[in-house]
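Asker: One-letter residues, chain by chain:
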Amino acid sequence: MMIYLIIIPLFLTILVCIFNGAKDGIYLFLPIFSNESTFIKYKNNKFIFLLPLIGEIVGATFLGEIVLRKIQYGFINTYSLSFNQLYICAIVILTVTLIIFFISSFLPFPISLSHTMIGGLIGAGLFFKLDIFFKNLISTTIVWTITPIFSLISGLILYKVILNFSLKNKKVLKITKITAIIYILSLYIFFLLIFLSKSKLAFYILLSFFSLLFLLFINRILFKKSQNINYSSNENDNLKIEYQKTEHIFSDLSLLILPNVFISHGANDVANSISLLSLLFLSLLKNKIYGNLNLYLLLIFSVILSLSIILNGSKKAEKISKDICKIESSKIFTSYYSLATSAILFSFFGYRISSVYTLTGSYIGIGYARGFSIFNSRLLFTLLISWFITFVISILLSYILFYITKFSGVFLWLSKI
Amino acid sequence: MKKYPFIFQRLLPKNTPLNLISQHVDCIYQSSLLLNELLRYYFSNEEISRFIEQISFFERKADTIKNELRQLIRNSLKISFTREDILQFIHIQDNIMDSIEDFAKLLFLNRISFIIDKQVEKLLNSLCDEVVNSIKNYKEMIDTFITGYNYGFAKPIFDLQKKNIEQLDDLEHKIDTLSLDLGKIAFSFKDRYNAIDIIHFNNLIILLSKIPNSISRLTDKILDFMNY
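Residue numbers (the numbering used here), protein chains in the order written: chain A, 314 to 730; chain B, 27 to 254.
There may be inaccurate statements among the hints.
[As the list claims (entries may be wrong)] Derived lysine to aspartate or glutamate pairs resembling EDC-like cross-links, with alpha carbons at most 20 Å apart:
| id | chain 1 | residue 1 | chain 2 | residue 2 |
| --- | --- | --- | --- | --- |
| 1 | A | K639 | B | D169 |
| 2 | B | K236 | B | D52 |
| 3 | B | K92 | B | D111 |
| 4 | B | K165 | A | D550 |
| 5 | A | K639 | B | D223 |
| 6 | A | K553 | B | D52 |
| 7 | A | K483 | B | D169 |
| 8 | A | K483 | B | D185 |
| 9 | B | K40 | A | E631 |
| 10 | B | K165 | B | D52 |
| 11 | B | K210 | B | E192 |
| 12 | B | K181 | A | D550 |
| 13 | B | K165 | A | E548 |
| 14 | A | K553 | B | D169 |
| 15 | A | K487 | B | E94 |
| 16 | A | K481 | B | D185 |
| 17 | A | K483 | A | E548 |
| 18 | A | K639 | B | E94 |
| 19 | B | K188 | B | E198 |
| 20 | B | K189 | A | E555 |
| 21 | B | K181 | A | E631 |
| 22 | A | K484 | B | D185 |
| 23 | B | K210 | B | D223 |
| 24 | A | K481 | B | D250 |
Source of the hints: derived by calculation from the structure; they are not laboratory data.
So here's chain B without its partners, still in its complex pose (with noise of 0.2 Å):
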């Protein structure tokens, strides 16, 4: 016979728009801490696909977490956000982590046939640093949103949120100076390097600088949603 769930399961679900965001962005967390790992067995020219593997595990959860998503504000239950914000902002936190899986399959289908000096190393190093920590004090801002929204957006809370942003946008305009700097210098390998390594160097660094910029579309809609 046809099990039927108890009421507080169909008046209130387990899974919440906020419980999933906030399990998608642990996915992207979980797979930017491999990040640094990745890079390094990459310079000293190790086998990387381990890494490819555990990112695309992470990015398959992360799918399902978001079709989950868009499942559940689907069906007819009342939600405190318009469904049409909730969809956006998923697909923006969505893109980061297929930056994530882009860059790890671009290093793991071509190898740089020019040797990367130490300082280039140091940069991308560097650049990949701050780009896990703008992804480490996202997940934190979403957790103080998560905690925000059970006290109704207190006062400490928008406060606290607004220096986490400005925290973001320091990052931000740190990543866009490495990424400029590292573009500059993968260009003017141009006329003594492969221009297909070129290119493919270039694009790494796109791929890792595209990750602040949605992040910082994602913080403005967090401020949408605090003052919604």
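So here's chain A without its partners, still in its complex pose (with noise of 0.2 Å):
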């Protein structure tokens, strides 16, 4: 087979990644962009789109490798496919993923790339009758379904934990200084040993990061004089500009696990893009190049992912924010630290999770805390719904699509060349 037929699945995951970081850049750049205060705060300051860029690479080159091998060989066989089978799983199940994404745009609901890439690896191994992991798409499966009810519980729980151990506080602004700090580090700390225990360099290039930013937080907060409060004599303005400022802490806190929203993003929508142009170029490229190919293709495609993100995503969010209500602060927070928690946790042991869901779960969560005076709790449902839905249709699509190239003789042409 010519080595220059290696360009359409190129093209074409470079084309899923543009689309996957435009459509995910804007869920996650969204709740931040609501908020008009943290938004104006920060427009201007390129900073904001340097941190996702971070995320996006750290997280994909060091734990995308995790996912990336599970979605290889964790639900069809693999190993047992030829080449040239190989490559028209690439393109079929690549194309799918367009069509889909497409469809999408029509759609009332999202979908999810996950669902999408593994739903056409069953359709695949349906047509080439390989052997199908059961066990691993039963956990697959359910890990779908308990990822957005999990952010639900840690949303609702880490709410209520805000709520009564910072905003309910007579002297809110001096505690929640404190809170956020011992916040920022539970986080930072959890992210370090989930990568301490995949990579000594990993760990300390995240440990220098955090560090640095922790810094620039704990100056911000504790000696910059903005910080201060002049007090009027009314105490309804008083009090909103104490409440002004504990939210002003909180932007800086979302602003600063941004980067671990964007390291779980990495992790799993990087690997779940290249999977498939990965196993192509292992198989042509077996023992000619140094090093471990996989990373090499997961910084490239992590670069290009969190380009789309930034670009893409982060215009039309500021576009759609205009639309939706206010987020405050402390709840733009709650929602990317549970995002952040669950995705990494699930993406440390090898599992596909959709961050859009996850984000959804963690709003109703902070809605049932009572954090929103309305919410529509049924979203969930719906959702749940919608991944059922494209897993199937990527199926039953790219079976279809399997058929139309044996039959119109591509398979054939292929053995030819």
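Hints in hand, dock the two standalone chains.
Answerer: Here is the structure:
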């Protein structure tokens, strides 16, 4: 087979990365953009876009391989596929993903890349009569179902903790400064422990990065003069100013954990997008390349995905943010915290989860903790149905496309060249 | 092709009951700010129709907000308070807007034929001032309530709301005293002036004095919401 044909799956993978980044970027940036004061504060600060870039690269490079291997070898026996079959698989599944991405823009619910990818793999398994590892499939399905519920519960508990230990306090500003340090430290330590068990290099990179962010935060909340309140004679105004200052602490916190959100996202989504391309490269360049090929691919595609998030997703998020209610910084922080911990935990065990469903789950959790005066509690159920439909449609669509390619003679043509 | 709302728009609607209540109060506050000048123009026998137009504009806007709120809570969304409580709340709040509009219209409908002496004019002006003050305080209370909602109604917010309620109670008492004085003066003219003019004058006072009563009912509701 001619090597230049690899350009087609490479091109399709880049497209999947770009579309996925644009789609997920909206959801991940939207909470921050919905909050006017946070948005105005950071709008012209390019630092806000550097954090996702660093997060995606670190997450994908150091944790992506766990998810990557699970997708490549965990659902169907890809070892028994010939290179030509693998090539057809990559093109068909990536095409199905792009078709579903396109269809989803006309549907009232979002779709998940992992459900489409794994659905496509099952379709390939059925068509080529390969072994399907049902045990893994069932456990992944269970994880898909429980992650939004998990983030709902964590969102609910965390918001209650923030409410009772920080916001409901008599000296709200002073107490929030202290508890904010505890919140951010606990998350950073959790992430460092996860990375310590995987790679020492990643641990040291993250330790330096988190230390820098933490010191900046400490400097901001403890030593900046703007944090002091000039009390006026109106008590209502004083109280509002005090809560505004508290909100500012939470908007800084939300920004500080943005890399963690994108570390989790990178670990999941980059691995998902490149799983088939990496399989193709591995079988094509076996023993011809120095070092870990997966690592190189994860690194390159994490940059593509994060650029798409920054350039496409953030712009669309800014536009849509005007049509949703303002989300207070304390709630943004809660939702990011919940998303980051849920995603990193499941990625650590090799499970691919959906960031959108997890984020939605955490918002519903905050709603149940009386964080929102009105919210749609039934949306989680709609989302669960939508992932089931996406999964089934991608199985059917890939099966049909495999059939078409077989009977149109593509298999024969490939074996000849 | 039909454009579906984005998932976050369905999860967290742009308008929340608290936002709409706040917008409704804002209409009331804006129209109340016109009352003093309206009275001044009225006493100096000048044209007041532009005030009526402005107040009617705010009333229409408040009605739209009220209907929007009704529509919002009719949808199958989860709300932090009971639907009945919110409906009752907005109904009482809307009564304040109606009182202001009725007051302005009543002034427009009939010019009192007798000459109001300076003391009565002063009393009526101070009644109007206190009503505007109570609306302003009530608006602040609603703002604090919304801030409080986002912070789980912490103790400082409770304390502040109690203080706000005390201030509103004082204003209600002042308004009651003023309206009684004015009522007495109005009926003391019964042998000298046209009966319709006296009833008209009395109705004006009743309409203004109704406002703090409605506010008082609303503050009780706010306390209930905070304890819910």
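Asker: Each hint: holds or not?
Answerer: To see whether the hints hold, each was checked on the structure:
Distance hint between A/K639 and B/D169 is fulfilled; the C-alpha atoms sit about 15 Å from each other, no more than 20 Å. The suggested pairing of B/K236 with B/D52 holds, with an alpha-carbon distance near 19 Å, which does not exceed 20 Å. For the hint linking B/K92 to B/D111, the alpha-carbon distance of about 14 Å falls within 20 Å, and the restraint holds. Restraint check: the Cα-Cα separation between B/K165 and A/D550 comes to about 13 Å, which is no more than 20 Å; the hinted pair holds.
A threshold of 20 Å between alpha carbons decides the hint, and for A/K639 with B/D223 the separation of about 51 Å lies outside it, so the pair is violated. Between A/K553 and B/D52 the alpha-carbon distance is near 18 Å, which keeps this suggested pair within the 20 Å criterion. Our distance criterion of 20 Å between C-alpha atoms is met by A/K483 and B/D169, whose separation comes to about 19 Å. Restraint check for A/K483 and B/D185: satisfied, since their Cα atoms lie roughly 11 Å apart, inside the 20 Å limit.
A C-alpha spacing of about 15 Å is found between B/K40 and A/E631, which places the hinted pair at or below 20 Å, so the restraint holds. Between B/K165 and B/D52 the CA atoms are separated by roughly 7 Å; this keeps the pair inside 20 Å, and the hint holds. Only pairs whose Cα atoms come within 20 Å are accepted, and B/K210 paired with B/E192 is rejected, the gap being roughly 27 Å. The straight-line distance between the Cα atoms of B/K181 and A/D550 is roughly 16 Å, inside the 20 Å bound, and the hint therefore holds.
About 14 Å separates the Cα atoms of B/K165 and A/E548, which keeps this hinted pair within 20 Å; it holds. A distance of roughly 9 Å separates the Cα atoms of A/K553 and B/D169; the hinted pair therefore holds under the 20 Å criterion. Of the supplied pair hints, the one linking A/K487 and B/E94 is violated, its CA atoms being roughly 39 Å apart against a limit of 20 Å. Taking the CA atoms of A/K481 and B/D185, the gap is about 13 Å. The hint holds against a cut of 20 Å.
Restraint check: the Cα-Cα separation between A/K483 and A/E548 comes to about 14 Å, which is no more than 20 Å; the hinted pair holds. Note on A/K639 and B/E94: the hinted pairing holds, with a Cα-Cα distance of about 18 Å set against a maximum of 20 Å. At roughly 15 Å between alpha-carbon atoms, B/K188 and B/E198 fall within 20 Å of each other, so this suggested pair holds. Restraint check for B/K189 and A/E555: satisfied, since their Cα atoms lie roughly 18 Å apart, inside the 20 Å limit.
At roughly 36 Å between alpha-carbon atoms, B/K181 and A/E631 are farther apart than 20 Å, so this suggested pair is violated. Taking the CA atoms of A/K484 and B/D185, the gap is about 14 Å. The hint holds against a cut of 20 Å. Between the alpha carbons of B/K210 and B/D223 the distance comes to roughly 14 Å, so the proposed pair stays at or under 20 Å and holds. Between the alpha carbons of A/K481 and B/D250 the distance comes to roughly 18 Å, so the proposed pair stays at or under 20 Å and holds.
Hint check: violations occur at hints 5, 11, 15 and 21; the rest are consistent with the structure.
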